[in-house]
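Asker: This is what each chain is made of:
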Amino acid sequence: QWYQRRVREFQTFQHYFIQINLSKMLSRTCMLARQGAKLPLFSASTRFASDVAETSSTSKTGGALLGAGIVATAISKELIVLDADVLAGTFLFGCTYGLAKKIGPMAIESLDKYSAGIEATMSEGKQVQMQAYTDAIEEEKAAVASLSASADIFDIKRELAALEVEAEYRRRIKQVSVEVKKRLDYQVELENTKKAFIRDHIIGWLESEVIASISPEQEEANINQCIASLSLLAE
Amino acid sequence: VGGLECSRVLFRSKQWYQRRVRGGQAAKEQLYMFIQDLCKQNLGEDGYRYFPFALGLFTTIGFCNVTNLLPYVEMPTQIIGCTVAMSTTLIAGLTIKAIAKHKLNFASFFFPAGAPVGLAPLLVPVETISFFSRAISLGVRLGANLTAGHMIMHIISDFGAQMLASGTIGGGIGGAFCCAALVPITILEMAVACVQAYVFCMLTTMYMKDAHELH
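Top to bottom, those sequences are chains A and B.
When the first sequence is numbered by our numbering, its final residue is 235 and no position is left out of the sequence of numbers.
When the second sequence is numbered by our numbering, its final residue is 450 and no position is left out of the sequence of numbers.
Just so you know, not all the hints are guaranteed correct.
Stated by the list, open to error - In silico DMTMM-like pairs for lysine to aspartate or glutamate, Cα to Cα no more than 25 Å straight-line:
id, chain 1, residue 1, chain 2, residue 2
1, A, K174, A, D185
2, A, K113, B, E264
3, B, K444, B, E280
4, A, K77, B, D393
5, B, K263, A, D85
6, B, K263, A, E124
7, A, K101, B, E264
8, A, K181, A, E191
9, B, K336, B, E280
10, A, K126, B, D445
11, A, K102, A, D112
12, A, K101, A, E124
13, A, K194, A, E207
14, B, K332, B, D393
15, A, K182, A, E168
16, A, K141, A, E164
17, B, K263, A, E9
18, A, K157, A, E168
19, A, K113, B, D272
20, A, K102, B, E264
21, A, K174, A, E164
22, B, K332, B, D272
23, B, K338, B, E448
24, B, K263, A, D112
25, A, K195, A, E207
26, B, K338, B, D445
Said to hold, decoys possible - Reference excerpt, derived from the structure (chain A facing chain B, CB under 8 Å, subset only):
id, residue
27, V81
28, A84
29, L87
30, A88
31, F154
32, A196
33, F197
To be verified - Covered by chain A, according to a simulated footprint, are these stretches of chain B (three or more residues, beta-carbon under 8 Å):
id, stretch
34, 261 to 269
35, 305 to 311
36, 387 to 393
37, 406 to 419
Hints are computed from structural coordinates only; laboratory data are not their basis.
Where a beta carbon is used, it is the ideal one built from N, C-alpha and C, also for glycine.
Take the sequences, apply the hints, and build the full model.
Answerer: Structure representation (structure tokens):
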């Protein structure tokens, strides 16, 4: 009984071990098929399926021929009985496949659009934050660019100050020259005035002396002479 | 199975914040929001508490209807007895709920507001029969549509199979015509399977609204 129990346990373990490994192999096979790898049909393990597929010379129609052979055997042995339900089922699967081919891409597109809308809504906050950071970075860059002009501004201000100093210097030079000229002009005017006084005084003195030096006999003779000259001119 | 699928949809839908939404999940969410809008439209803001029931009902009936199309498969929704039992149970439950909520005011359901009182002897029996016939019409609509479609498919496919099996040229041509006719019928049956589930769910929500608000 102990032995029989152990045998039953081992058989159960074997059953589940095979099932688990079969399911793992099937899932690995599906994964590789989805990736586009070529699958050898009679390989013990699919772990190196891609390496085996590159050197394998299995034809592409092998799977389809196997399937067709199985179906033909099943029909011939009446495992699949061809009746109305089989025809209806065939058309059902055919129509499902056709609809999936026709409508599938449109449905996928609409679902992807829906998913993208949800992702956009969920990442809206993140996008706004990213845009804010990008704008802040651009503003900082612009600020740095504007600060580079401040060195030129200092030079310009320095030049302006120098120009103002030069202008003030020239203004003062002119002012000094004007003042000096005024004083010189005053001195000239003073000398001219003195000379004028002297000249006028001398002229007055001369006239008075000349007049004083003229005797009455000379004055009378001069007058007679003048009358004679006028009579002569009148003639 | 439909209930399990509904639970899986609800459970998965809670996880959508945590990972990227993929195609299958997006389709389930579309279905989820479709039924949610149906409940909100018919039952208002208070209708969200009936949403799990509506989603489970739609998923169950839809799954049964679509699976019914497979050959050698017969699901409960094709059996009129089953569908009528389902609808009768629903209507009975809603009636009990309405009576428990509105008590004697439930009788006002059988006399439409604004109708002249003189027509009461005519209107009340008509309204009563109409109310109780809902139980049968809801179930028969579902079962009869599926049965009729299945029967048409069976007749045409049987005809086609026999003509193809006859081995004659005429039989081959006739079989080809039957096969050509089978394509639109199959597509129609697929559409009817989905639409009938939606109609059942929609009418159930409308009857729930009537039980809640009477009119």
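Asker: Work down the list of hints and note, for each, if the structure agrees.
Answerer: Verification of the supplied hints:
{"no.": "1", "hint": "A/K174 to A/D185", "in the structure": "holds, 16 Å"}
{"no.": "2", "hint": "A/K113 to B/E264", "in the structure": "holds, 13 Å"}
{"no.": "3", "hint": "B/K444 to B/E280", "in the structure": "holds, 12 Å"}
{"no.": "4", "hint": "A/K77 to B/D393", "in the structure": "holds, 21 Å"}
{"no.": "5", "hint": "B/K263 to A/D85", "in the structure": "violated, 31 Å"}
{"no.": "6", "hint": "B/K263 to A/E124", "in the structure": "holds, 24 Å"}
{"no.": "7", "hint": "A/K101 to B/E264", "in the structure": "holds, 22 Å"}
{"no.": "8", "hint": "A/K181 to A/E191", "in the structure": "holds, 15 Å"}
{"no.": "9", "hint": "B/K336 to B/E280", "in the structure": "holds, 18 Å"}
{"no.": "10", "hint": "A/K126 to B/D445", "in the structure": "violated, 46 Å"}
{"no.": "11", "hint": "A/K102 to A/D112", "in the structure": "holds, 17 Å"}
{"no.": "12", "hint": "A/K101 to A/E124", "in the structure": "violated, 34 Å"}
{"no.": "13", "hint": "A/K194 to A/E207", "in the structure": "holds, 20 Å"}
{"no.": "14", "hint": "B/K332 to B/D393", "in the structure": "violated, 47 Å"}
{"no.": "15", "hint": "A/K182 to A/E168", "in the structure": "holds, 21 Å"}
{"no.": "16", "hint": "A/K141 to A/E164", "in the structure": "violated, 35 Å"}
{"no.": "17", "hint": "B/K263 to A/E9", "in the structure": "violated, 42 Å"}
{"no.": "18", "hint": "A/K157 to A/E168", "in the structure": "holds, 16 Å"}
{"no.": "19", "hint": "A/K113 to B/D272", "in the structure": "holds, 20 Å"}
{"no.": "20", "hint": "A/K102 to B/E264", "in the structure": "holds, 22 Å"}
{"no.": "21", "hint": "A/K174 to A/E164", "in the structure": "holds, 15 Å"}
{"no.": "22", "hint": "B/K332 to B/D272", "in the structure": "holds, 23 Å"}
{"no.": "23", "hint": "B/K338 to B/E448", "in the structure": "holds, 12 Å"}
{"no.": "24", "hint": "B/K263 to A/D112", "in the structure": "holds, 13 Å"}
{"no.": "25", "hint": "A/K195 to A/E207", "in the structure": "holds, 18 Å"}
{"no.": "26", "hint": "B/K338 to B/D445", "in the structure": "holds, 14 Å"}
{"no.": "27", "hint": "V81", "in the structure": "violated, 10 Å"}
{"no.": "28", "hint": "A84", "in the structure": "holds, 4 Å"}
{"no.": "29", "hint": "L87", "in the structure": "holds, 4 Å"}
{"no.": "30", "hint": "A88", "in the structure": "holds, 4 Å"}
{"no.": "31", "hint": "F154", "in the structure": "violated, 56 Å"}
{"no.": "32", "hint": "A196", "in the structure": "violated, 115 Å"}
{"no.": "33", "hint": "F197", "in the structure": "violated, 117 Å"}
{"no.": "34", "hint": "261 to 269", "in the structure": "holds (count 4)"}
{"no.": "35", "hint": "305 to 311", "in the structure": "holds (count 3)"}
{"no.": "36", "hint": "387 to 393", "in the structure": "holds (count 4)"}
{"no.": "37", "hint": "406 to 419", "in the structure": "holds (count 3)"}
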